[in-house]
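J.: Go by the hints and put chain B onto chain A.
First to last, the sequence lines map onto chains A and B.
Using the numbering used here, the letters of the first sequence map in sequence onto residues 1 to 404.
Using the numbering used here, the letters of the second sequence map in sequence onto residues 1 to 404.
These aren't lab readings, by the way, just hints derived from the structure by calculation.
This structure is a prediction, so every number in the text was calculated from the model and none was measured.
Just to be clear, a hint being listed does not mean it is correct.
[Claimed, not checked] Calculated pairs, SDA-like style, for lysine to any residue (alpha carbon to alpha carbon, straight line, at most 25 Å):
id	chain 1	residue 1	chain 2	residue 2
1	A	K15	B	E290
2	A	K356	B	Y68
3	B	K90	B	Y304
4	A	K157	B	E92
5	A	K356	A	E330
6	B	K27	A	G62
7	A	K291	B	Q48
8	B	K27	A	K15
9	A	K59	B	Y304
10	B	K166	A	Q12
11	A	K59	B	L293
12	B	K318	B	L293
Below, each chain spelled out in residue letters.
There are 2 protein chains.
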Amino acid sequence: MHYPDSFSQITQVMKSSLIRELVASTKNIPDLISFAGGFPSPATFPVQQLAELFNEVVKNEGSDVLQYGASEGDILLKEQLMKWEAYELKPEEMVITVGATNAIYYYARCLINPGDVILCEAPSFLGTLVTFDALEADCQSIPMDDEGIIMDALDLKVKTLRQQKKNIKFLYIIPDFHNPAGISYSLNRRKEIIRFCIDNSIPILEDNPYSRLRFYGEPLPTFYRVARTDFAPTNIVTEIVSFSKILGPGLRIAYAKGDKELIEKMVSWQQKVTITPDCVAERVVARFLEKGLMDAHLKNICEYYRPYLQKMLDELEKHMPSSVHWTKPEGGIFLWLTLPEHINADELFIEASQHKVSFIPGSKFYPEGQEKFNTLRLNFTYSTFEQIEKGVRSLAELLNAKLK
Amino acid sequence: MHYPDSFSQITQVMKSSLIRELVASTKNIPDLISFAGGFPSPATFPVQQLAELFNEVVKNEGSDVLQYGASEGDILLKEQLMKWEAYELKPEEMVITVGATNAIYYYARCLINPGDVILCEAPSFLGTLVTFDALEADCQSIPMDDEGIIMDALDLKVKTLRQQKKNIKFLYIIPDFHNPAGISYSLNRRKEIIRFCIDNSIPILEDNPYSRLRFYGEPLPTFYRVARTDFAPTNIVTEIVSFSKILGPGLRIAYAKGDKELIEKMVSWQQKVTITPDCVAERVVARFLEKGLMDAHLKNICEYYRPYLQKMLDELEKHMPSSVHWTKPEGGIFLWLTLPEHINADELFIEASQHKVSFIPGSKFYPEGQEKFNTLRLNFTYSTFEQIEKGVRSLAELLNAKLK
Chain A
1 MHYPDSFSQI
11 TQVMKSSLIR
21 ELVASTKNIP
31 DLISFAGGFP
41 SPATFPVQQL
51 AELFNEVVKN
61 EGSDVLQYGA
71 SEGDILLKEQ
81 LMKWEAYELK
91 PEEMVITVGA
101 TNAIYYYARC
111 LINPGDVILC
121 EAPSFLGTLV
131 TFDALEADCQ
141 SIPMDDEGII
151 MDALDLKVKT
161 LRQQKKNIKF
171 LYIIPDFHNP
181 AGISYSLNRR
191 KEIIRFCIDN
201 SIPILEDNPY
211 SRLRFYGEPL
221 PTFYRVARTD
231 FAPTNIVTEI
241 VSFSKILGPG
251 LRIAYAKGDK
261 ELIEKMVSWQ
271 QKVTITPDCV
281 AERVVARFLE
291 KGLMDAHLKN
301 ICEYYRPYLQ
311 KMLDELEKHM
321 PSSVHWTKPE
331 GGIFLWLTLP
341 EHINADELFI
351 EASQHKVSFI
361 PGSKFYPEGQ
371 EKFNTLRLNF
381 TYSTFEQIEK
391 GVRSLAELLN
401 AKLK
Chain B
1 MHYPDSFSQI
11 TQVMKSSLIR
21 ELVASTKNIP
31 DLISFAGGFP
41 SPATFPVQQL
51 AELFNEVVKN
61 EGSDVLQYGA
71 SEGDILLKEQ
81 LMKWEAYELK
91 PEEMVITVGA
101 TNAIYYYARC
111 LINPGDVILC
121 EAPSFLGTLV
131 TFDALEADCQ
141 SIPMDDEGII
151 MDALDLKVKT
161 LRQQKKNIKF
171 LYIIPDFHNP
181 AGISYSLNRR
191 KEIIRFCIDN
201 SIPILEDNPY
211 SRLRFYGEPL
221 PTFYRVARTD
231 FAPTNIVTEI
241 VSFSKILGPG
251 LRIAYAKGDK
261 ELIEKMVSWQ
271 QKVTITPDCV
281 AERVVARFLE
291 KGLMDAHLKN
301 ICEYYRPYLQ
311 KMLDELEKHM
321 PSSVHWTKPE
331 GGIFLWLTLP
341 EHINADELFI
351 EASQHKVSFI
361 PGSKFYPEGQ
371 EKFNTLRLNF
381 TYSTFEQIEK
391 GVRSLAELLN
401 AKLK
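Just chain A, same shape as in the assembly:
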């Protein structure tokens, strides 16, 4: 058998996540300083607590958690999540999934026919873009300013697409400490977008892995919460919350909250794709929340990360040419750099690798044909202070040489 001849059409043409390829391309460089990945620091994993909880849960509840679980997710975890969120939420408005990408896949699978439009931010998270691409969606990106998607651009894009008889299925948004752009939506912009989407019947998919990683300033209500409090009753927002950045990505636990009928269909997809998420991990997260460990843990993570963000901001300030600009986020795990228009970060990536420093070129975060090339993403949670110092200096030296 020569399998490629039998591959389905989409399997033949779909893309891989270029991030993995980029990271792989620098894998064998010794002493490489990498700001490329989106990995949390292992120092933030509550290893001891989780080790004990895994032991307890399997020992005491083994006949339950080692058995098949519900396709909609563990009801005990749902109960804890409802308490944690402090919403008036019903269990049937929630589905637990194998990480956030899994929830995004089911959401999009529920709504997208080939050729349907997904509105997304420019830039947006590459991992999600390749998932949308594999569902044959037409991703249309909209530029952002420091407060989020620009309203006029959104309005124009929707008008243009509708004139072209395109079927706009939803708007994909990352509300806080945006990956890769580092910005957070202002409260006002959140309201404007929800108002616009209600008026134009465009559902919002809110992908929220980072909002609890706030090191400074006051938390903002999520789109989901704003929609429920200021625009109630509306089911326009579906929010996805992940435990990957606040407990550990290896657990593969996230959940989606939204309209009951939509959630029911997401569950129906889950039944066909994985049957159920990992039941042991679900229960461990439930017990972690039930024992009230989350608040102190989140405080620890934020205190741990804060100096790394500060260090990177300080080093950029110290070394970067004045024509380079960057976001100053109050949390999350990424910074976004904007270089002078004529500098191509794809080329810079190759040169930087030779100088033993790595990042993700910004062009990778746009739908195909809609790229911007003078941007790049830096992660600050997976390096030591020394690596941040040395890596940012190397990058600045390269840029200074180019801009001389």
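T.: Below, chain B without anything else, positioned relative to chain A:
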């Protein structure tokens, strides 16, 4: 938003697993004896060993297993699986997934365009049929005898479909202790099918959750092994092995072995759908194998289940009317009953529920429009001896009354 208006076409029409609905329909009947589900007995879960392993793995390898893992699966688990299987297998010929259904989904997703044909057994596993259905495949079923799919019927079906210009993408087979039919393929039939499929360029998807649950007799080589030993070199078979029935379904760990290019595409789908399986569970299974715990554990499970199978066979023999026939498997978790032609097991299901006994009507295990109604599936691994005794007697009384 009224979401159903926006659902994608397939989401609007796809079916749910009727088993869940049937099981749900009898949920509130007190003292119901259920032979309906496909659950392993919790008594077979190695709770103590797994509790310790989870603790050890998270404590000692937390910074690794709580981090993002590889989309193709944990390399340490792959190494253990290769030793366990004792194949000459390369890691890139293997992908680890969130249970077997997940591997089946990726395999079919790689090959199926809407309308493509999947050949399957009549009867076949309902959970898989709804997954194929959600991919808009055209499932065509082929009758079986005690040794597996009937060769003449397979030949005729393939000829007919090809005359109709249908695109046959693969043959889906459950080799041992078939769900629901209880049969195992004879060695000769395995060879005949592989020969036929090579000659006709039809890949084989071998779904193998049960072969290690053998209580009597000698194990048979899987299709995958036969293909590699007797027909080498051929990449025609992809085998999926699950830990759900031999360790615990809650762990959600299975793996697929097959052609390198096909596996690579399955990994690419996994990257888009879940990113990676649960990394903690993967490592726990790896350590379970590495410590050599599996052999003794499998021996324990088989010794545990054997008397339950025997009990059900004995009770059927004692009470059933002579016009009822059933499979006598040497392992697995199901029996398959064939009733006289005029008895409809869908109707019997409702009457039986009123008599506090439950099963799955056989009609649920055929593609739509290809049903047989005088069959039913009994599970023997989730009831006590007393329940088996009482439940089979109730069922026999009902049938005796009907056949008077």
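J.: Which of the numbered hints are not met once you compare them with the structure shown?
T.: Hints 1, 3, 4, 5, 8 and 12 not satisfied by this model.
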